[in-house]
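Engineer: Protein chains in written order, with the working numbering: chain A, 1 to 208; chain B, 209 to 606.
Heads up, a few of these hints could be off.
[Unchecked claim] Computed list of lysine-lysine pairs in DSS-like fashion (alpha-carbon distance at most 25 Å, straight line):
(1) B:K402 with B:K243
(2) A:K93 with B:K402
(3) B:K460 with B:K420
(4) B:K602 with A:K115
(5) B:K602 with A:K93
[Stated by the list, open to error] From chain A, some residues computed to sit far from chain B (all C-beta separations above 10 Å):
(6) K51
(7) H118
(8) M151
(9) S173
Keep in mind that the hints were calculated from the coordinates and are not lab data. Ideal Cβ placement from N, Cα and C applies to all residues, glycine included.
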Amino acid sequence: MLTPVILTWEYPPRIIGELAHYVENLTADLNKAKIPVKVVTCHDQKYKYEKRSELLEIFWGSNPVETHISILTWCLTLNSEFERIISDIFYDKRGISLIMDVQDWHFVPAAVSLKRAHGLPFVFTLHSLEEQRAPGSTYALSSCIKGLESMGLQEADLVLAKTDQMKAIITKSYNIPNEKVIVLPIKGSNRTRNIVNAYKLIAASREV
Amino acid sequence: MLTPNILMLSWEFPPRIVGGLAPHVYELSRALVKKGVEVHVATCDFPGAAAYEEVDGVKVHRVDSYAYPTPDFATWVSMMNVNLKREVSSIITQNDIKLIHAHDWLVASASIGLKHLFRIPLVVTIHSTEHGRRNGVHNDYQKMISSTEAWLTREAWRVICCSKYMVKEITSAFEISDYRLDIIPNGIDPEPFKTPMNLTEMRSQFAEPNEKLVLYVGRLVQEKGVANLIEATSHLSDLRIKFVIVGEGYLKEELIKRVKELGQDKRVYVTGFLESETIRGLFRTADTCVIPSLYEPFGIVALEAMTSGATIVTSGSGGLGEILENDKTALFTYNTPESIAWGIRKILTNPQYAESLRRAAQIRAKSYEWKAIATSTLGTYTRVMSEYQKAIWKPFET
Numbered sequence: 001m002l003t004p005v006i007l008t009w010e011y012p013p014r015i016i017g018e019l020a021h022y023v024e025n026l027t028a029d030l031n032k033a034k035i036p037v038k039v040v041t042c043h044d045q046k047y048k049y050e051k052r053s054e055l056l057e058i059f060w061g062s063n064p065v066e067t068h069i070s071i072l073t074w075c076l077t078l079n080s081e082f083e084r085i086i087s088d089i090f091y092d093k094r095g096i097s098l099i100m101d102v103q104d105w106h107f108v109p110a111a112v113s114l115k116r117a118h119g120l121p122f123v124f125t126l127h128s129l130e131e132q133r134a135p136g137s138t139y140a141l142s143s144c145i146k147g148l149e150s151m152g153l154q155e156a157d158l159v160l161a162k163t164d165q166m167k168a169i170i171t172k173s174y175n176i177p178n179e180k181v182i183v184l185p186i187k188g189s190n191r192t193r194n195i196v197n198a199y200k201l202i203a204a205s206r207e208v
Numbered sequence: 209m210l211t212p213n214i215l216m217l218s219w220e221f222p223p224r225i226v227g228g229l230a231p232h233v234y235e236l237s238r239a240l241v242k243k244g245v246e247v248h249v250a251t252c253d254f255p256g257a258a259a260y261e262e263v264d265g266v267k268v269h270r271v272d273s274y275a276y277p278t279p280d281f282a283t284w285v286s287m288m289n290v291n292l293k294r295e296v297s298s299i300i301t302q303n304d305i306k307l308i309h310a311h312d313w314l315v316a317s318a319s320i321g322l323k324h325l326f327r328i329p330l331v332v333t334i335h336s337t338e339h340g341r342r343n344g345v346h347n348d349y350q351k352m353i354s355s356t357e358a359w360l361t362r363e364a365w366r367v368i369c370c371s372k373y374m375v376k377e378i379t380s381a382f383e384i385s386d387y388r389l390d391i392i393p394n395g396i397d398p399e400p401f402k403t404p405m406n407l408t409e410m411r412s413q414f415a416e417p418n419e420k421l422v423l424y425v426g427r428l429v430q431e432k433g434v435a436n437l438i439e440a441t442s443h444l445s446d447l448r449i450k451f452v453i454v455g456e457g458y459l460k461e462e463l464i465k466r467v468k469e470l471g472q473d474k475r476v477y478v479t480g481f482l483e484s485e486t487i488r489g490l491f492r493t494a495d496t497c498v499i500p501s502l503y504e505p506f507g508i509v510a511l512e513a514m515t516s517g518a519t520i521v522t523s524g525s526g527g528l529g530e531i532l533e534n535d536k537t538a539l540f541t542y543n544t545p546e547s548i549a550w551g552i553r554k555i556l557t558n559p560q561y562a563e564s565l566r567r568a569a570q571i572r573a574k575s576y577e578w579k580a581i582a583t584s585t586l587g588t589y590t591r592v593m594s595e596y597q598k599a600i601w602k603p604f605e606t
């Protein structure tokens with residue numbers, strides 16, 4: 001059974017920007033299509049598990065290191081906790097075809113580790129690029145985030161971009177093959193169906 | 209299965225040498241290989257060093273640690289761990305690695321991530337703690353490191369530390385039960401200290417024949433107490449002495465400035481980095497070696513001095529007080545310039561007393577040879593694997 005595992009740094013009630021609502025809508029649409037979804041996200045409190053419905057499980061990971069000096073150290077440490085959570089899912093759910101869908105750059109390292117360790121494929125969904133948020137920035141924090149985006153783009157099985165402009169940056173600035181990047185407008189018709197097709201595509205390529 | 213293939217993670221391994229971790233991991237891994245254990249070491253890359261090589265049977269994998277730009281050291285450490293995890297997965301699967309041995313917080317997130325990714329047990333050596341190095345944790349940066357150390361000890365199946373002093377420090381700083389801790393001291397390989405060399409010629413580069421040579425070897429950082437030794441030099445102006453201060457660290461420029469202020473720059477050489485062979489020669493020809501540490505989890509420099517036959521003046525702080533014994537194998541002083549100067553004077557003006565300390569210390573050093581340390585470490589591995597075999601936490605295939 002195909003089971004997407006969505007890695008996101010926000011999911012309601014943790015709402016920082018639009019991403020929380022986007023992922024919530026995506027999980028609802030996937031569930032409507034009878035596709036079970038596991039969301040791995042973060043929480044300030046101790047790790048907990050929540051089964052919101054028969055088809056929707058939420059795994060709340062908390063940062064094992066209490067104090068941080070930046071979003072980067074916070075995020076990169078939390079990646080190890082995501083690796084633990086998803087490895088536990090992997091070892092407990094033998095027979096299920098897990099596909100990771102990584103929302104933006106935050107949990108790219110975990111997805112890469114899990115892909116290398118377990119062979120789990122992953123889709124890298126980009127809502128915006130650092131180059132779009134901070135054009136031309138050479139600030140070190142920005143450069144590091146661009147590095148993580150680059151890692152995700154290189155290692156992902158498939159990249160989902162929001163716009164043609166974003167795809168152009170990905171293919172030209174990051175040297176990613178054109179055919180690896182699919183443009184799915186955020187409010188486009190059939191977006192969820194196209195996402196499911198993308199999941200199936202990379203699952204099938206792995207099975208081959 | 210009870211003597212598993214081991215993967216050690218360390219951010220430094222020769223030729224990348226930052227502090228005491230590199231020689232420790234180097235010697236321990238070699239000694240384990242001699243006992244028939246397959247040991248892999250995953251570490252940071254270093255200019256000119258091979259991405260993969262075998263060093264005396266140890267399989268060394270160097271991972272590109274500078275692939276992505278980072279804004280500061282802490283973020284670099286985090287990204288270095290990301291890179292380690294990314295590259296080490298294939299090492300684990302291709303070499304049937306059954307146990308991970310991590311050294312210090314710098315490789316915490318990679319070690320913990322790999323532990324869960326592959327469901328193999330993690331042994332951790334805590335060489336020192338942020339709490340101890342900084343005499344408490346005083347800002348967010350230090351809190352982050354200390355919290356990372358706590359996370360690493362929580363995740364470890366067993367924790368190795370080098371002294372009773374460190375057991376106390378770890379149990380109080382991290383609220384870990386002492387039944388999960390093993391004390392295994394650091395070791396020493398005596399052979400390089402016996403290499404034939406022209407000691408007279410080597411000594412003449414630092415001191416005249418009629419001058420005494422007082423040696424300090426260590427990082428030039430606050431916790432090593434080297435500033436007190438610099439202050440002590442002005443209390444010994446009546447003796448013909450050359451003080452040789454070997455090592456690098458953030459205090460270096462400040463110490464050089466202070467030497468000039470004290471008018472001691474003709475007698476005190478702050479040499480910076482020196483080759484290992486030169487340092488071993490200095491240990492063998494020094495009239496006394498001063499170890500004035502304020503914080504010292506173990507004190508490997510003491511083993512080097514003892515093995516070389518140097519007479520030691522020391523603060524006896526931390527692990528030094530377990531390796532050395534006052535008036536038997538070393539002379540203990542207080543952590544003040546006056547007391548250190550008193551100790552140096554006593555050694556330099558009482559050759560018979562100095563000789564008795566030197567001989568006793570050299571005999572004591574034999575119990576710290578690496579083959580004994582490797583045997584103890586293997587004992588920890590065997591215990592962990594035995595417990596792991598009975599546990600339910602395992603990957604699919606077992």
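Engineer: State for each hint whether it applies.
Structural biologist: Results for each hint:
1. B:K402 with B:K243: 23 Å, holds
2. A:K93 with B:K402: 59 Å, violated
3. B:K460 with B:K420: This hinted pair holds, its Cα atoms lying about 23 Å apart.
4. B:K602 with A:K115: 19 Å, holds
5. B:K602 with A:K93: Distance of about 14 Å is within 25 Å: holds.
6. K51: 22 Å, holds
7. H118: The claim breaks: H118 (chain A) does not keep its Cβ more than 10 Å from every Cβ of chain B (closest is about 7 Å).
8. M151: 7 Å, violated
9. S173: 15 Å, holds
Violation of the numbered hints given earlier is confined to hints 2, 7 and 8; the remaining hints are satisfied by the structure.
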